[in-house]
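So you can see what is in the structure, the chains are spelled out below.
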Amino acid sequence: MEWLRELARRFRMLVHRREFDADLEEEMRLHLELRQEEQLQSGMAADEARAAARRRFGNTTYLKEESHFAWGWEWFENFLMDVRYGLRMLRKAPGFSAVAVLTIALGIGATTAIFSVVDGTLLHALPYPEPEQLVSIEDELPGVGARDVGMNEPEWQDLERSGIFEYVSPAWFDENNLTGAPQPTRVRLLIVAPNYFALLGVQPQLGRAFNREDHSPGLLTEVLISDGLWKRSFGGDPHVLEKSVRIDTDLYRIVGVMRPGFDAPGRTAEERNVEIWAATSFYGAPMVDHPPRYRRNLPTAIARLKPGLTIAEAQSRVDALVAALQKEFPVDYPARNAWTVRLVPLKERLVGNVRQSLVLLLGAVGSVLLIGCVNVANLLLARASARGREMAIRQALGAARSRLTRQLLTESVVLSVLGGIAGLAVLFSLKGFLLRILPGNLPRLNEVSISWSVLLFALGASFVAGAIFGLAPALHAGRLDITHALKQEGRGSTGSGQRARTRRALVVTEFALSLVLMIAASLLLQSFRDLLNARLGFNPENVMSVRTRLPEPNDTAIDKYKTAPQEAPFLREVLRRGATLPGVEEAAIGDSASIPLDQSQRELNLIADGQFFFTLEGRDIQSDQPPVAERSRVTPGYFHLLEIPLQRGRLFNELDNEETPAVAVINEAFARTYWPKEDPLGRRFKSTRTGSPWIAVVGVIANARTESLAEGEVPQVYLDLYQTGAKRLAIFLRGHLDAGAIPGEVRQEVESVDPTLPVFDAQTLKETVAASLAARRFSMEMITVFALTALLLASLGIYGVISYIVSERTHEIGIRIALGATRGNILGTVLLQGLQLAIAGAVVGLVGALIVSHLMAGLLYGVRPTDPLTFVGVAILLMGVALLASCLPARRAMRVDPMCALRDA
Amino acid sequence: MHRDEIPPGTLYLLILKTLARTGEMHGYEIANSIQRISEDVLQVEEGSLYPALQRMLIKGWVTAKWGTTTGNRRARYYQLTAAGRKQLSVEMSQFERVIGAITRVIEAA
Chain F
1 MEWLRELARR FRMLVHRREF DADLEEEMRL HLELRQEEQL QSGMAADEAR AAARRRFGNT
61 TYLKEESHFA WGWEWFENFL MDVRYGLRML RKAPGFSAVA VLTIALGIGA TTAIFSVVDG
121 TLLHALPYPE PEQLVSIEDE LPGVGARDVG MNEPEWQDLE RSGIFEYVSP AWFDENNLTG
181 APQPTRVRLL IVAPNYFALL GVQPQLGRAF NREDHSPGLL TEVLISDGLW KRSFGGDPHV
241 LEKSVRIDTD LYRIVGVMRP GFDAPGRTAE ERNVEIWAAT SFYGAPMVDH PPRYRRNLPT
301 AIARLKPGLT IAEAQSRVDA LVAALQKEFP VDYPARNAWT VRLVPLKERL VGNVRQSLVL
361 LLGAVGSVLL IGCVNVANLL LARASARGRE MAIRQALGAA RSRLTRQLLT ESVVLSVLGG
421 IAGLAVLFSL KGFLLRILPG NLPRLNEVSI SWSVLLFALG ASFVAGAIFG LAPALHAGRL
481 DITHALKQEG RGSTGSGQRA RTRRALVVTE FALSLVLMIA ASLLLQSFRD LLNARLGFNP
541 ENVMSVRTRL PEPNDTAIDK YKTAPQEAPF LREVLRRGAT LPGVEEAAIG DSASIPLDQS
601 QRELNLIADG QFFFTLEGRD IQSDQPPVAE RSRVTPGYFH LLEIPLQRGR LFNELDNEET
661 PAVAVINEAF ARTYWPKEDP LGRRFKSTRT GSPWIAVVGV IANARTESLA EGEVPQVYLD
721 LYQTGAKRLA IFLRGHLDAG AIPGEVRQEV ESVDPTLPVF DAQTLKETVA ASLAARRFSM
781 EMITVFALTA LLLASLGIYG VISYIVSERT HEIGIRIALG ATRGNILGTV LLQGLQLAIA
841 GAVVGLVGAL IVSHLMAGLL YGVRPTDPLT FVGVAILLMG VALLASCLPA RRAMRVDPMC
901 ALRDA
Chain G
1001 MHRDEIPPGT LYLLILKTLA RTGEMHGYEI ANSIQRISED VLQVEEGSLY PALQRMLIKG
1061 WVTAKWGTTT GNRRARYYQL TAAGRKQLSV EMSQFERVIG AITRVIEAA
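Chains as they are written, first to last, in the numbering used here: chain F, 1 to 905; chain G, 1001 to 1109.
Isolated chain G (complex conformation) (with noise of 0.2 Å):
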């Protein structure tokens, strides 16, 4: 099956838009998440994730708290802050115009 590499500078979206519907995840399962519900069309290089989420908790986007899986092992758990929702309504609005824009380009050929 072939994947495709997620565009440049959409992961944030992605985690920030993946964390929204959830609520509180780990690492593992943003990954899965995401590749589940792109139908396995977006591939994230798993391992990216972690440092996009170290940024985003500088930026206070996200908040970290240990806790424990279905499987009982600990796990780091990362939830949306106000200003995570804030940046992820930023985020969407600016992909809608620049998805908008190729889309007319394209469209106009």
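Extracted from the complex, chain F is given alone in its bound form (with noise of 0.2 Å):
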């Protein structure tokens, strides 16, 4: 505790320092009257007195000094000094300020930015309570290649039971009909567990979370909604939770209401904004009661460790309790499956897929930093040549070589730290504007904040940033000679040599990083040209689509829709009106999972719709782990509609229907998968759902890139939807379509025929295509801004580097030219001189760009990591600029006039 109390004096003393001085001063002045007065009593002359009392007390300046640094401060004070002499120096070169403060502004700034989306979605805990133990649950299947394939009821009871978590809860995102409300909606929709709210850690702002010990069969009757469902829906009501809603017709109680900005842990947009949440355990009607094992109808799961349980002793555990089930139950887990089940830190699932893009995007933007210090550091070399005559003389007085590093290094930290300041300035009021251009998929978008951590960390850099550009000047004025530099009257070029070295140095290093993000660049941009360019094989123009979605009830008594034939007659009436809507040519229905390209309905389909398991006529699988395709349901038009032609056999058409034999249309790529050598046309095939009929392929369509812009061959099977039903809906219209008057007018159609029915995600194919881009164009150009904002750092700083030298050299350029020495030749050297650095740089950069392009392969599409074109196209366009940055220092060289140069010197 002393030292405290000791730390509180020193503290005391440094706020009231100047006090503390003048206390000295007085008692020392008092001190050295009493003994003068003393002298001249024993009768000494007056100023031979005042010389003894001086003589016994010592030189006052120095104990002075010695009793104002007892208390520890002097540094602190240099420290002030330095930053006061900085902000002076600073103020007197306001262009060279201007410059440096604005470079380091513009790279803290845009660093600072891109960190804080790093922070809030890769280093920032998950928003629940303990999140390290939140884990979400992963089943694969590596022997027949299959991962992430979810779970099924007795295997969720049997983790619950296994005394390795607290809770687990499966979860099953999924859509429903809101109704009650002004307007039928649909609402996203999360079924959980009962456990899942206590699982998180989290409690609704209103009312309770569900029983978490509730085990009754099928769904809970009573519901928690959003925070934004709760304004949305019913304006705030306070009394919400007296009302009852429906959703898809059946009846449920609202027990609580979720604080604003929870969402749910989801990967996506649409996963995390869940409106609704509603409960089971999974059994009894509606669920499929107590499925066999090799059933696997849960898509997701999370669970909660036991406290104190590392995922490491947990997933042995849990690798142990899967051993025991495959021995338990050999026909379920057959062995060649090799049924794992994996534990997945919840956050690693929820941002694993954004890491390599994230990480990327901070790489570049920190070397745009970098080379943005780099030019400062340049800037402060050549001022330091300037300043060469006024070190010497601090140094000629007694100045210490390390004070001088140390105050040459505090204005440039001083320096940065105004740059740091700016920027964060600049990102301040640009938040808006930034967070808009984030792509709206991002992972925990929402957790993005300019937090303390981001400030701490803008701070840092700036810290950073300022040591790094500062340390080369700042050594070199340690290494000044001072003889010599105070001998260069006026001439202020000192230590030139040296100086010209680092900063080539620095010039070359600038040059290699511009030249790694170049190639990242241009290979993300031909990657995403590539893609842009890539054979859609369907035609997205003039095409618009809107969802609409019936209802799935859970008393069937109540269903309307409950067979194809029942459905048929709805949507051949809302075909009928669509047709008719103004500007319309063609229309169309397929399910969700037949909008071309569609992400925001990705996960969803993939669970419910996409994915259509299946078995081949007289093929004897003997596998749980069937032939698995990307399954469509389209009324006959939707082929014409997307122009996706027909190869063999034919299409659907009007006499297929509920009577009839099911049909399919099926794509190259699944023909040629399934039947690589025989006529598809005419073999069967059935959905591997018990009591499923066989479907006969009718006709063969060519390959589309519907499902994926970077995979052109995806087997996929399309169903009659009229034979089938679906519950999901997507209208289609081609034609002259007015995109603003589209939703209104088919949700007046659709109403007409079914007024509970909501009508919502009105797109134009062609902004679906683009959205399916969203993620690759923003990394994209964001690597371009900041790869072009590094060409244009590095030619400045190659320009700066040559224009020195060529000013330095004036004399001997001019002596040269007076030896007969022809302006080409002259430009020849000083274009030579840049056209070194530059490849010097360039050398190291491919080297760079080597191990970075392989890094984010991952991120490219038809363009090789090590596309030679691109590295050697690259290189040469920024010698290119290199020779371009040198032309006009070398202009001026080649105009140097022999006589005023040689006069000059």
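No more than 27 Å apart at the CA atoms, straight line, and that leaves these computed lysine-lysine pairs for BS3-like:
hint : chain 1 : residue 1 : chain 2 : residue 2
1    : F       : Lys431    : F       : Lys231
2    : F       : Lys64     : G       : Lys1059
3    : F       : Lys327    : F       : Lys306
4    : F       : Lys560    : F       : Lys727
5    : F       : Lys64     : G       : Lys1017
6    : F       : Lys727    : F       : Lys562
7    : G       : Lys1017   : G       : Lys1059
8    : F       : Lys231    : F       : Lys243
9    : F       : Lys64     : G       : Lys1065
By construction, these hints were calculated from the structure, which means they are not laboratory data. Please read these numbers as outputs of a predicted model, since none were measured by experiment.
Hints are included, so try docking the two chains, each in its own frame, into the full complex.
If you want it as structure tokens, here you go:
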């Protein structure tokens, strides 16, 4: 405790240091005066007495300093002095200061912006209590190459009782129709176990969570709603808890309202923005009652580990459990499936797929900052030659070298912190705009903010940047040769040889970094261009899709659309009405999986609609991991509307209906995969669901990139919507459409057929295609901006160095010209110097680029990470820029008038 | 008259002891007191009292407050604290140990 009190005393001294100095001065004066009086009394002469008193007292200045230093604040006072001096120097050179501060502001601002995204998504813990105990449970069948296949109710119960987890909750994302509000709306629904909120450790703002012990069959009749839905559909009514809502015509009671800002842990916006949570124990109608273990009907699950258990420990216990279950149920878990259950930290599951892009972005923006630092270092070095005499004089007057180094470093850090503050100011003012340009699907987007850690990062980055660009000039100042510097009357260029070497090294670094960035950017650009130019295989022009959804009530007695024959009249009527809308030339209906390249529904489609497990007729496949394809259910007009050409056989027609045998149209990839040597027409297959009918292939269509822009050959199967029915529907319209009016018009038509149905998500297909590229577009655009900035800074750097070299050598150039060198010779020499720097930079940069491009291979499409054309092309481009930047100073060198140059020297 | 420099490290001891004996003193009085009692043998460079007093203030061995001298002038009076008293006994025992050791070495010769 004593040291604390001592520190307090020292602080008091720091605050009142003027008073302390005055006190000391006064008491020393008193001492001298008293001594002098004493001497006078003993009969000395006045001035003799004063001298004697001083002699006995000692060196007052020295003693005063000693007393002052005793408090241990001189470093701080020196620092303040240096800061003040630094600010004064910056004011004296406004041009230099503005350029340097702006460069740093740009670098720090951009780096901090990207860091805030990295911080919010990758670094921050999830916003739940003890987030490190939260895991995602991922079932895999590596033996048959299937990942993330989901689990089922018996396995869930096994895990719940295993003693490894506090809670386990499957989570099943769904959409539903909410009726009762003025307009029927589609809501995003998450079906979870009753322990879900206890598992996450969150409480509703209003009402209560589910009773976590509830294990009654079927769906609980109570739901929780999100703050957003509460405000939007119930006007924030505080009595909402007394209300019931109809979800897919079933009646539910609202028991709680979640806090604003509470999001379900999800990877995409769609998964996060859950509006209604419903709970079930996953057995009893309408659930599949205690399904067989090979049927994996619960798509995802999260869990909270028992306290004190690490993921590794839990994983080994889960492995043991899996092994035991495989022994117990050998038929359900055949050995060659190699069933495994992986525990993945929940955060990893949510953000794992954006890590690569974000780290790449941070690296890119960090390089820009580094290049900015190098440029400022160059500026400082140039200024250091102008300040050579100042330094020499201060050293001659007794300043220690370390003291000068410290002073210059302080100046750089002041500069850099000013830049950092400016950068942050810009960042704060652009915050709204920047958040808007982030891709909306970024996981944890709403957690991105300028937090304390971000501010700390900016401050740290400023200090480090200041130290980096201040180091070279500071060290050079320390190594100054005083005599030499002082002798060089007014020339102001001292230690130039060494300094020039440093500057060249800096420019080489700059070029290397820019080259890496440029190559990364151009690889991404080419990937993007290739994706844009990928032959779609369908025509998105003039097509709009509008979604609607039929209810799936648990009470089948009130289900108007239970079977395909019951649904068909609705479909036909909507199609008929849709075709009459202004501008519409063609209309078709499909399920939500049939919307080409629709990302927002992607996860949902995989779970509910898209993935189709089937068996082929006549092929005895003893696998519980049957073939899988992407399935869409569409009306006959779909293919013509999207202009997907028929290759063989026929498309669906009006003769295919509920009564006739089930038919399918497949794409070429499907045919090639499953009937490589045979004619697929007439072949039959069926869904693995029990009781499914055989489906005959009647037509083969060309491959179209409706699933993924990056993949051209995805096996796809199309079923006739009239034969199968579907709940999540998309109405397709082609023609000269008024995109603003269509949603309302379609709503009117749908409502006039069935007023309880929601109409939502109206989009042109071109928008859907663009949205599927949004994340790629974002990283590509960012990296390109950073690369161009880097190129600009690097060319400024090379321009500065060459100009400097030319001005240093004016005298020499004058002599050369006088001795008969042609202007061309001079131009050549100077350009060569610029080129040399660029080549050195390019060599270093190419090595760096090779490493980086391999790391980002996962982000590329259609272009190899070592694409020689890109590497050579970018290197040549960079050298061209270097030559161009050297041109201006070279021309100045060429025009040196030998008479003037020699006279001035 | 010949004056001896005080042995290094004993300045604190001298100041602490002087203040312990007399209670309250300003710098000039401390210097005079040390000289008078040592019968002018111990010569303190008077000014060096002040850095030493500053360090003792930081350590919390003494406190200082402004008062008036008999000649009616403003002076800063130093006073021993409890910590200072403890330090005095530490310094005393240390000093005695050193002196005792030196004495034994000399007498052994």
